[in-house]
Structures are given as structure tokens and as C-alpha cells.
Amino acid sequence: MDQTLPQKLAEAHRPSAKAPAAADDARLMEELPPAVIVTGIGLSTALFLTTYYFLGLMAAMLAGLLLIIFMPAAALWIKRFVGGEYVTTINRWRAHWNYSVTYYAEKWKNPPRP
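UniProt numbering puts the first residue of the sequence shown at 1, with every later residue one more than the last.
Everything labelled a hint here was simulated from the structure, so no lab data went into it.
A portion of the hints provided could be inaccurate.
Label-pair ranges, simulated between beta-carbon atoms [said to hold, decoys possible]:
(1) A60 - A10: 49 to 59 Å
(2) T45 - A10: 35 to 45 Å
(3) S100 - G56: 53 to 63 Å
Pairs of lysine to any residue, SDA-like flavour, derived with a Cα cap of 25 Å [stated by the list, open to error]:
(4) K107 - R92
(5) K109 - W93
(6) K79 - S100
(7) K79 - A95
(8) K79 - I69
(9) K79 - L57
(10) K107 - H96
(11) K79 - W93
(12) K79 - I68
(13) K107 - N91
(14) K79 - H96
(15) K107 - R94
(16) K79 - L67
(17) K109 - R94
The beta-carbon is built from N, C-alpha and C at its ideal position, and this holds for glycine as well.
Start from the sequences, fold in the hints, and give me the full structure.
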């Protein structure tokens with residue numbers, strides 16, 4: 001007799017009909033020779049490490065490329081900031097200070113005659 005759809009779904013979702021359980025995996029591991037297990041662990045570890053090594057390498061190369069692309073613009077921005085109003089103001093203060101020191105030093109060396 002044919003099953004109805006709900007019966008088919010119920011049967012498909014019973015634990016016995018599911019994929020192999022953890023006990024089946026453990027039995028499979030017992031059947032494998034230790035060298036195969038160690039090799040599998042080693043290969044998966046190597047794959048993991050090389051994958052992330054290359055991802056890190058790609059990230060570093062991308063960062064270098066972005067530096068090459070954006071550093072000239074950053075340098076121009078820094079030059080504008082350093083060569084801009086801020087430093088001009090400091091230079092003006094420095095010039096004023098140098099002039100004042102020189103002016104008063106000269107006055108000190110050559111005081112006005114009474």
C-alpha cells in the first residue's frame with residue numbers, strides 16, 4: 001500500500017533513517033589504520049595553515065597595493081597640512097621672536113647715549 005505524504009515525511013525524519021550517527025563514525029575510525037588517521041589530521045592541518053597563510057599573504061599584498069595607491073595622496077595632504085597655515089603661523093612667531101631677541105640684544109650692546 002502506498003504511503004501518504006505525511007507518513008513518508010515522518011519516516012524520512014525518524015532517527016534510524018538519518019545519516020550515519022556518531023556511533024557509525026566512531027566504528028569507522030576504529031576500522032581505519034592509525035597511519036591513515038594521522039595522515040588525515042596532518043593533511044587537514046596543513047591545508048588549514050596554508051590556506052590562512054595565503055589569505056594573510058593576499059591581505060598583506062592588498063595592504064601594500066593600497067599603500068602604493070593612496071600614499072601619494074596622503075603625502076600631498078600631509079604636505080598641505082605641514083606647509084599650510086599652521087606652520088606658517090609658527091614660522092611667523094619664530095621670525096618675530098628672532099627679530100625681537102636680535103633687536104633687544106643690539107639695544108643692550110649699544111644703549112642709547114644720554
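To see whether the hints hold, each was checked on the structure:
At about 54 Å, the CB distance of A60 to A10 agrees with the hint of 49 to 59 Å. Hint check: T45 to A10, Cβ distance near 42 Å, so the stated range 35 to 45 Å holds. The hinted window of 53 to 63 Å between S100 and G56 holds, with their beta carbons roughly 57 Å apart. For the suggested pair K107 and R92, the alpha carbons sit about 22 Å apart, so the restraint of at most 25 Å is met.
For the hint linking K109 to W93, the alpha-carbon distance of about 24 Å falls within 25 Å, and the restraint holds. For the hint pairing K79 with S100, the CA-to-CA distance comes to about 29 Å; that exceeds 25 Å, so the pair is violated. The straight-line distance between the Cα atoms of K79 and A95 is roughly 21 Å, inside the 25 Å bound, and the hint therefore holds. Between K79 and I69, the direct Cα distance comes to roughly 17 Å. Compliance with the 25 Å bound is thereby established for this hinted pair.
A C-alpha spacing of about 32 Å is found between K79 and L57, which places the hinted pair above 25 Å, so the restraint is violated. A hinted pair counts as satisfied when its Cα atoms are at most 25 Å apart, and K107 with H96 qualifies at roughly 16 Å. Using a Cα cut-off of 25 Å, the hinted pair K79 and W93 holds, with the two alpha carbons roughly 20 Å apart. Simply put, K79 and I68 have alpha-carbon atoms about 17 Å apart, close enough for the 25 Å limit, and the pair holds.
Simply put, K107 and N91 have alpha-carbon atoms about 24 Å apart, close enough for the 25 Å limit, and the pair holds. In summary, the hint linking K79 to H96 is supported, as the alpha carbons are separated by about 24 Å, within the 25 Å threshold. At most 25 Å may separate the alpha-carbon atoms for a hinted pair to count; K107 and R94 meet this at roughly 20 Å. This hinted pair checks out: K79 and L67 have alpha carbons roughly 17 Å apart, not beyond 25 Å.
For the hint pairing K109 with R94, the CA-to-CA distance comes to about 22 Å; that is within 25 Å, so the pair holds.
Going down the numbered hints, you'll see the structure goes against 6 and 9, while the others check out.
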